[in-house]
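K.L.:
Below are the chains, spelled out letter by letter.
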Amino acid sequence: MNLVSASAPAIETRGLRKEFGQKVAVSDLSLTVQQGEIFGFLGPNGAGKTTSIKMFLGLVTPTSGEGFMLGAPLGDYRARARVGFLPEHFRFHDWLTATEFLTLHADLYGMPRAVTRARIPELLERVGLAAHARNKLRTFSKGMLQRIGLAQALINDPALLFLDEPTSGLDPGGRLLVRDIIREQRERGTAVFLNSHLLSEVEITCDRVAFVRHGEVLQVGAVEEMVEGEFPVQVRARNLPQSALVGLEQWATIVHANGEQFTLSVGREADLPVINRYLVEQGAEVYAFHPQHLTLEERFLQVIGTEAGL
Amino acid sequence: MNPVWTIARLTFREAIRRRVVAAALVMGILFLLIYALGFSLIQKEVSTSAELSGGVLELREMRNFLLLAGLYVVNFLTVMMTVLTSVDTLSGEVATGTIHSLLAKPVRRWEVVVGKWLGFAGMLTLYLLLMAGGVMATVYVLSGFIAANALQGLSMMWLNILLLLSVSLWGGTRFSTLTNGVLVFGLYGIAFVAGWIEQIGSIFNNQAAINIGIVSSLLLPSEALWKGAAAAMESALVRASGFSPFSSSPTATPSPLMIGYAVLYTAFMLWLAVRYFQARDV
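In order, the protein sequences belong to chains A and B. Just so we're aligned, residue 1 is where the first sequence starts under the working numbering, counting upward by one. Just so we're aligned, residue 311 is where the second sequence starts under the working numbering, counting upward by one.
These aren't lab readings, by the way, just hints derived from the structure by calculation. Mixed in with the good hints there might be a few duds.
Dumping the calculated EDC-like pairs for lysine to aspartate or glutamate here, alpha-carbon to alpha-carbon at most 16 Å [to be verified]: (1) B:Lys354 to B:Glu368; (2) A:Lys142 to A:Asp171; (3) A:Lys23 to B:Asp591; (4) A:Lys136 to B:Glu324; (5) A:Lys142 to A:Asp94; (6) A:Lys142 to A:Glu88.
All chains, full assembly: derive it from the sequences and hints.
P.N.:
Printed below as a string of structure tokens:
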């Protein structure tokens, strides 16, 4: 049975809330993740990121609110046939070999053994564990376990992939692998829901991001939108006439000027080449022109506040 | 492949490869060796005196008594094995997070509980067959004696395993591993001692003591099942005497109703385990 509707969003929730006794883990989560989109879910520790994923997967029952995953109501086990999940603290049956472990998870997905047999070597190769197919997971390093966990999440060719802090515990090579795999999923049309506190990772890989705090989405948008806004440009130029400095104000405000060095605040990226050309035309010798974009991290701290440390 | 079967196979494989099972096997074999040695020594003694007095009955009674003594220990060991191996399977996997990757699959909660139940039931059935079968085979090889209603007795010992397995799985959906273990063994202890109170009470026709036994058997019918197994396999003479540490007196023998209750109890606890596990946030 295929419940997954081609048009339904990968995830859609309205006012999802989860209380554990007195503690509110997620207060009011409303978001939509489209199919095929790489979605970053960012927030400080304790923001309810993992609890949110657990609600999507039916591991935790919401206290109130509603949601759908691939068109099926949350908790419907059938929708999970097309979902992959790499938990944050991945613990498993470490007495199994890599191949046995992946066979078990393929069985749980109800995959035919013939398909599984062909898929496993392919996946082990992909995550760089081909040489360890017959080794027990007990002998694996933390990074290798993360890789086999990733393989487990991909075995059913999911339409929606949840990665909860996938790069924690990985060396740079492993992080690159995760990034490449996310890109491959994008090409395949798989939606990826990425929980992370490594903002640079998210900035590189995600289409859209949501900033969450106390289980509430504070801001959501495309990565480029998030980092938009006024940004400083540091300039070092000689022989710049005073009149030119005034002329600059049609595109920017001059924040600070000290001899040949000055700092502009620019609103639009498209103005950068115009400003640059203007300076040269005015006879200035430009030694340096450094636009300083706001990183996702700086934006994140602006929105979330610094008191909730990462 | 059916998820229940996948989980059952995983549980069975995990259970038999654990060190606790290896230890149980080694101790079990040691137990059977000592049992065989003891049996042949005692048989030799009794044979000599039986030859002198010309009593065949004496030999038969001795064999029956020793068989039940062996099975009594086996019953106790299987109860221990049942609780010790299954007590942490749900609570432990929830605590470590192992359960997350299982339940994120297109698998229903009841399939996980029932799969685990079947996996443990398989392993424990093998253990019971090995141990109880070992005792029965030892007695048969050394003396040619076979207990009356051996199969009926074995089935009640088997039911006892399934009963405690259901209780321990249910406890695992609610409590931490340690609390669950204390709870199940505690219940077992109450049923055990109350079974004795009932048996001794029945000798003196003390109704209050008998009632304590019945009520405790309703709380956990595990000792009642052993009494039922013993009543099936003991000799008429011992049964009439009404008192043996490894058997059951006529008045303390559980009624068919109690056996039926134990079957229902087992099914109910498994159902309850499923219900609780379905509602649980993991």
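K.L.:
Look at each hint and say if it fits the structure.
P.N.:
These are the hints, each one checked on the structure:
no.: 1; hint: B:Lys354 to B:Glu368; result: 12 Å, holds
no.: 2; hint: A:Lys142 to A:Asp171; result: 10 Å, holds
no.: 3; hint: A:Lys23 to B:Asp591; result: 14 Å, holds
no.: 4; hint: A:Lys136 to B:Glu324; result: 14 Å, holds
no.: 5; hint: A:Lys142 to A:Asp94; result: 12 Å, holds
no.: 6; hint: A:Lys142 to A:Glu88; result: 12 Å, holds
Violated hints are absent here; each numbered hint is respected by the structure.
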